[in-house]
Structure formats: C-alpha cells, structure tokens
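For reference, each letter of the sequence shown is one residue, going 1 to 100 in this note's numbering.
Source of the hints: derived by calculation from the structure; they are not laboratory data. Please read these numbers as outputs of a predicted model, since none were measured by experiment. Glycine residues also receive a C-beta, built at the ideal position from the N, C-alpha and C atoms. Some hints could be false.
What follows is a set of in silico ranges between Cβ atoms, one per label pair, in the way DEER data are often shown [unchecked claim]: (1) E47 to R97: 14 to 22 angstroms; (2) S58 to I89: 26 to 34 angstroms; (3) S100 to L40: 34 to 42 angstroms; (4) E29 to S100: 29 to 37 angstroms; (5) R97 to T44: 32 to 40 angstroms.
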Amino acid sequence: MTASTQTPAAGLTTRPAAAGASTATPWREHAACRKHDPALFHPTTGESSNHAKRICTSCPVRTECLEHAITYGETGVWGGTTAGQRRAIRRAREARRAGS
Numbered sequence: 001m002t003a004s005t006q007t008p009a010a011g012l013t014t015r016p017a018a019a020g021a022s023t024a025t026p027w028r029e030h031a032a033c034r035k036h037d038p039a040l041f042h043p044t045t046g047e048s049s050n051h052a053k054r055i056c057t058s059c060p061v062r063t064e065c066l067e068h069a070i071t072y073g074e075t076g077v078w079g080g081t082t083a084g085q086r087r088a089i090r091r092a093r094e095a096r097r098a099g100s
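Starting from the given sequences, assemble the full structure and let the hints guide the process.
Encoded structure:
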C-alpha cells in the first residue's frame with residue numbers, strides 16, 4: 001500500500017497485501033496476509049499484534065513488505081514489525097548513514 005485506506009468506524013481496513021498488487025509492488029500477490037482479516041494487522045490499543053506477526057514469519061515476501069513499510073511510513077503490522085519497531089529500524093539506519 002502506498003497510502004492507508006481508512007473507514008471512520010473500523011480504522012484501517014486493509015492488511016498489507018489487501019489492496020492488490022500494482023506494478024510498483026507485485027510482491028503483494030504472494031503475501032501470506034492476503035486472506036486474513038485486515039483488522040488483525042491493525043490492532044487497537046491494548047490488542048496484541050502477535051498473531052499478525054506469526055503470519056508474517058512464514059511469508060515469502062516479508063522483506064519486501066518490511067522495506068515498503070519503512071519507506072512509506074505505514075501503520076499496523078508489516079513485514080512482521082509494528083510501526084514503532086520500524087521507526088527504530090529507520091532511526092538506526094539513519095544513524096549509520098550519518099556516521100559513515
């Protein structure tokens with residue numbers, strides 16, 4: 001997803017691969033999350049993201065998904081990580097680049 005899709009009541013309505021593949025992100029066609037409930041990948045405060053992360057563990061396109069989410073600042077679980085975990089990855093990468 002290049003942009004998150006939202007509804008007023010349910011929050012984000014798509015799982016990482018639900019929006020379908022585009023020419024820019026053909027990896028989505030192979031994502032393990034395609035047939036799962038979108039809400040699972042966007043837990044509300046107090047809900048666990050562990051089930052979504054377990055689905056990501058066996059996903060053949062986990063790396064592509066993670067890199068996409070880091071690049072576009074996606075919310076929810078992408079590539080087996082939460083938004084907070086991806087922010088930490090992004091900061092660590094930026095620090096390494098700054099130190100080079």
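>> Can you tell me whether the CB distance of S100 to L40 sits inside 34 to 42 angstroms?
In response: Given range 34 to 42 angstroms: holds, Cβ gap about 38 angstroms.
>> Assuming the hint says 14 to 22 angstroms, is it satisfied by the Cβ distance from E47 to R97 or not?
In response: violated, 34 angstroms
>> Verify the CB-CB distance for R97 and T44 against the hinted window 32 to 40 angstroms.
In response: holds, 34 angstroms
> Taking the beta carbons of S58 and I89, is their distance inside 26 to 34 angstroms?
Replying inline: violated, 21 angstroms
> Does the Cβ pair E29, S100 satisfy 29 to 37 angstroms?
Replying inline: holds, 36 angstroms
Of the numbered hints listed earlier, those contradicted by the structure are 1 and 2.
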